[in-house]
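Novice: Based on these hints, arrange chains E, R and W on the given structure of chain F.
Number of protein chains: 4
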Amino acid sequence: MIVVMKIGATQEHLDLVCKRAEELGFTPHVIFGRERNVVGLVGIMGNREEAFRIENMDGVDKVVPISKPYKLASREVKQEPSVVDVCGVKFGAKDVVVIAGPCSVEGERQIVMVAEQVKAAGARMLRGGAFKPRTSPYAFQGLGEEGLKLLAKAREATGLPIVTEVVNPADIELVYKYADMFQVGARNIQNFALLTLLGQAKKPVLLKRGMSTTIDEFLMATEYILSEGNRDVVLCERGIRTFETSTRNTLDISCVPVVKAKSHLPIIVDPSHAAGHSGYVPALSKAAIAVGADGLLIEVHPEPERAMSDGAQSLTPNQFISLMGELRAVAIAVGRYM
Amino acid sequence: MIVVMKIGATQEHLDLVCKRAEELGFTPHVIFGRERNVVGLVGIMGNREEAFRIENMDGVDKVVPISKPYKLASREVKQEPSVVDVCGVKFGAKDVVVIAGPCSVEGERQIVMVAEQVKAAGARMLRGGAFKPRTSPYAFQGLGEEGLKLLAKAREATGLPIVTEVVNPADIELVYKYADMFQVGARNIQNFALLTLLGQAKKPVLLKRGMSTTIDEFLMATEYILSEGNRDVVLCERGIRTFETSTRNTLDISCVPVVKAKSHLPIIVDPSHAAGHSGYVPALSKAAIAVGADGLLIEVHPEPERAMSDGAQSLTPNQFISLMGELRAVAIAVGRYM
Amino acid sequence: MIVVMKIGATQEHLDLVCKRAEELGFTPHVIFGRERNVVGLVGIMGNREEAFRIENMDGVDKVVPISKPYKLASREVKQEPSVVDVCGVKFGAKDVVVIAGPCSVEGERQIVMVAEQVKAAGARMLRGGAFKPRTSPYAFQGLGEEGLKLLAKAREATGLPIVTEVVNPADIELVYKYADMFQVGARNIQNFALLTLLGQAKKPVLLKRGMSTTIDEFLMATEYILSEGNRDVVLCERGIRTFETSTRNTLDISCVPVVKAKSHLPIIVDPSHAAGHSGYVPALSKAAIAVGADGLLIEVHPEPERAMSDGAQSLTPNQFISLMGELRAVAIAVGRYM
Amino acid sequence: MIVVMKIGATQEHLDLVCKRAEELGFTPHVIFGRERNVVGLVGIMGNREEAFRIENMDGVDKVVPISKPYKLASREVKQEPSVVDVCGVKFGAKDVVVIAGPCSVEGERQIVMVAEQVKAAGARMLRGGAFKPRTSPYAFQGLGEEGLKLLAKAREATGLPIVTEVVNPADIELVYKYADMFQVGARNIQNFALLTLLGQAKKPVLLKRGMSTTIDEFLMATEYILSEGNRDVVLCERGIRTFETSTRNTLDISCVPVVKAKSHLPIIVDPSHAAGHSGYVPALSKAAIAVGADGLLIEVHPEPERAMSDGAQSLTPNQFISLMGELRAVAIAVGRYM
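Residue numbers (our numbering), protein chains in the order written: chain F, 57 to 394; chain E, 57 to 394; chain R, 57 to 394; chain W, 57 to 394.
One or more of the hints may lead you astray.
Listed below are several chain W residues computed to face chain R (Cβ distance under 8 Å; list not exhaustive) [what the hints assert, rightly or not]: (1) Glu111; (2) Thr191; (3) Glu279.
None of these hints come from the bench; they were simulated from the model. Beta carbons: idealized from backbone N, C-alpha and C, even for Gly.
Just chain F, with the same shape it has in the complex (with noise of 0.2 Å):
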């Protein structure tokens, strides 16, 4: 932590702020600048929080955070990319992993038939939701178990492991039982009381970045499942919201290469919510691999017309396979296999 004092601040203002700081734990150290004086606390981590509280002092202008909040997300802490394997497909690796699948899960006949569409396309896992977190207590919220059975079904039928969202720390248990893989939304990735409980979960979760979440505030939620003992975990940038309204979301490209810097974790890309639009999703898709994701996690509805949520961003099947040969071809031009 740095602690900038204010021009014009007393020597006895310094005394007090490097008192302060030796009591919570930190060595201080002044650096005695021309306009404005500076003092460094070098100490463990534990105290970060605490140093805050400095800022409150009589001649501080501001603290200003140096280490990093998260640990062990950190490439500082660990520097080769981590690996993630779902029943045999892995995410992290020279492979581009592409997860496809409907929004909602809606019936037997729609889930196995688009499963074995996308699975023919060349997907390596099916996504479906069982359990929908709506903006709007009066949408379709979901088939519940009765979608965790259909996607098994469609798992026997295909062999793609699957992956659904799980919303209500209580229903952990329940989707553990049928999905391969947890998915958290974007709605929970301040849920730590559900982060907390998938982090002593023996499955991997993909996390997906909420909509006004900072890459660091990513990074800090992955240390909430981390922390607890699951290492296998995914995160999945979806687009933030800005200002702009002519995509759903502001798909923020960037995200890949920053959290491809900061941390070991494989990063795929969902560019169905972050477009709200099938038309931009082709496109989207190719940046994606082009910058470096680990995957893509596209919705595809064998009717987007009749979709029971998000049919406007769904692609057809046909949609789908015309898709999946072009991202081949841009993941070999990066150096990556699909």
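Specialist: The following block gives chains E, R and W in isolation, referenced to the frame of chain F:
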């Protein structure tokens, strides 16, 4: 809903849109324009979401919603303002209600002392966190049930009703035993499992706006509670996330008159979390009362420099006393009591 | 400046950073931390920008600035608040100054009539646009010099000093002939050619915050004017762009106390452009005075339904009269006059 | 335009709205809904702005625009993509065009050397700033005409056409003498005096998106140039301002497919200003080509550590050479040349 056709869309496109609208239960009305045509869809509200599927059809430019997505919270449905009563303290009536207390309950002496001090200064309710959702798993997470017991002791000592946050749906029963009002924090504004259960609980709810929640979404979130039968909801504006970093969040002061225009529910303001610096709390508190807020939620700590969380934004009891006098003058100037 | 080294940076990296810092004219002070080292750079302000080049060096994590980038606007440099005098109207003194008038000057009858009405209600200055920067080239762009002449007539009729926008550096001379105060609109906050010339002009400047300008950048923009010798700058908060769409912009009410803490310059608030709807203007005006603003800039039009620009956000003269009475009560409650 | 009436608006309200609409030159069409009524206004585009005045009338909830505010830039008006030719370099054709060079022209040796290096690596045009709009008046502001002359020397030496920024309308004539393409910087996207004059100039314009400009406003800004007769406009996405601070701006990669869907104009991407750190430039450049951009604008400096501006985001010539090879592979993968 209004379906806007593209310039150059054919009569066939238009016919297919009308046909699909009828299948979805709407009566379509075509308006032939100079540049392009539009189709007005008349129908009941339940079909709203399905209508968006039309957006993917050929010849369609976009679908524009007309109805508001919330019902029970709407002033169009209930014109007279609602008053929410918490053990005799009335939100939404002529009085401006000040809730004060520390961010976290840290010990008996701390919470009882603060309760007495804020009561003496004119606060009408006590706040204090027992379950703290923190961005870092390494930060203080609250005292849990022990904290709730200490809050109850402070209530016994002062008679002030207490409001405290509930984070996990599994804790609702526990918090119910001690609290007079549930608080839902900004991070849980879209934790629909939690909101639904609170809608079934028999105590009032203080619902804080999420940091990237639009006002329409804020009112939609209340709908989860109201539609389950609990009509005692008080909203709380606490700042939104923007590009500005001088304050912790950007207090959206306009939220108060906008909510008053759109809804019958009471709304209060939390200047402490918005500012993030205690120095700005007095000015923002005055602005909140002047703009028409029904109350304030202010952090007060006996020794902010030693607070276990949010010390930088807490007032001292003396600062709070002096502020309360200034607030009374503003309340009277805008025709309220305090 | 503080140079934060990476965890694992070598002594050689550190030595090279110190050597480069000395070349740039700084004296480096190394603080050896537990996790990583930091280097404090002591030196004069002019080298600030160059120091960022160090960020690209091996072993460097980031460079953190410590000094504020603005000087003449800073309260650290000039502690007592500045008072800006426009023909006897004082901004930054005990009085809250209300400037009122239409968005655009549309005709003699309109502007003279409004001037008389707002004067009678207590406004101290008249606003009115002759050069209108419009998002669409197809929208009304103002009457130009003819508009300036009409403003001058309204001044003759009422004695109210006038403020009007200047958009193009080439028009400064022309506007100077008629106006008592130049207005720089939100779109020109970084039109440095314009700001520099206004710094050389001999009339006060009302500088509106840009819609994505941070408060630090806002103060930096004043530096362009102040450093050329013109010290008569009044700031104006008018809303920033965020994700919220209920209001035209999000009024950043905290900007007022933040500017008061960081700078000695007066600041007023424009609730009309922030709200975008006249219905919210009264509440926001009261909030602005309560938060400590030195004045208000309010749009008033004799017939808002027929205004050539911004009709939706303009008050009628009657609404303005009734608002002024309410504002006086708030001003007195916070120890100001009006 | 669609006028949405309030629930509970009377027939009289409705009649008055229809009457006013007719006065404004529209033909009103009422649709009677279950909850509320709406009025479709059919008319020519010029009345668009005036229609918003209806929003203030009794019984009106809001006015929703249907037509797009821009015309000449719209793909609905001109379906085939435009190709902009700058001395033989074609934007919007099959080739992906890379423009490279330093942020500022600093001296003859610097600019000529860089020009030769980037040409050898495959760049098709040279960039370099002679007039630099800087947030701080104390920062390097560019060499002015001397810089333009040095750019011309670099063109002579290499044959690369040059693009350089013009900031002040008064400098257009001067810049015209030296440059092959005008650049309008992000801060001037709403400097309408500048845009209008460039619309009358006889050279192509590279228009950078402002940091808080929506895509609709971006296209509106082109309308100022196009409507004056200059049809040679190339757009440039360079990142928008959001809450995320890991990168200097948030590259809105979706802007490319959105502009391609809405407009016929070519669009390129500036990954350097978006990232703010040279380390992220390669990944973002690949993403830009993959998403469908017609070109790139990349900062290259012979010694980034010694650059007078933006050193942190500049590539070295060697980094640029190696990047160009990688970019070619991506361009081919998406069916383009380079």
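Novice: For each hint, tell me whether it holds in the structure or not.
Specialist: Each hint tested on the structure:
Evaluation of the Glu111 (chain W) hint against chain R yields a held restraint, the C-beta minimum of about 5 Å falling below 8 Å. This hint holds: Thr191 (chain W) has a C-beta 5 Å from the nearest C-beta of chain R, less than the 8 Å allowed. Interface restraint check: Glu279 (chain W) against chain R, minimum CB-CB distance 5 Å, threshold 8 Å, status holds.
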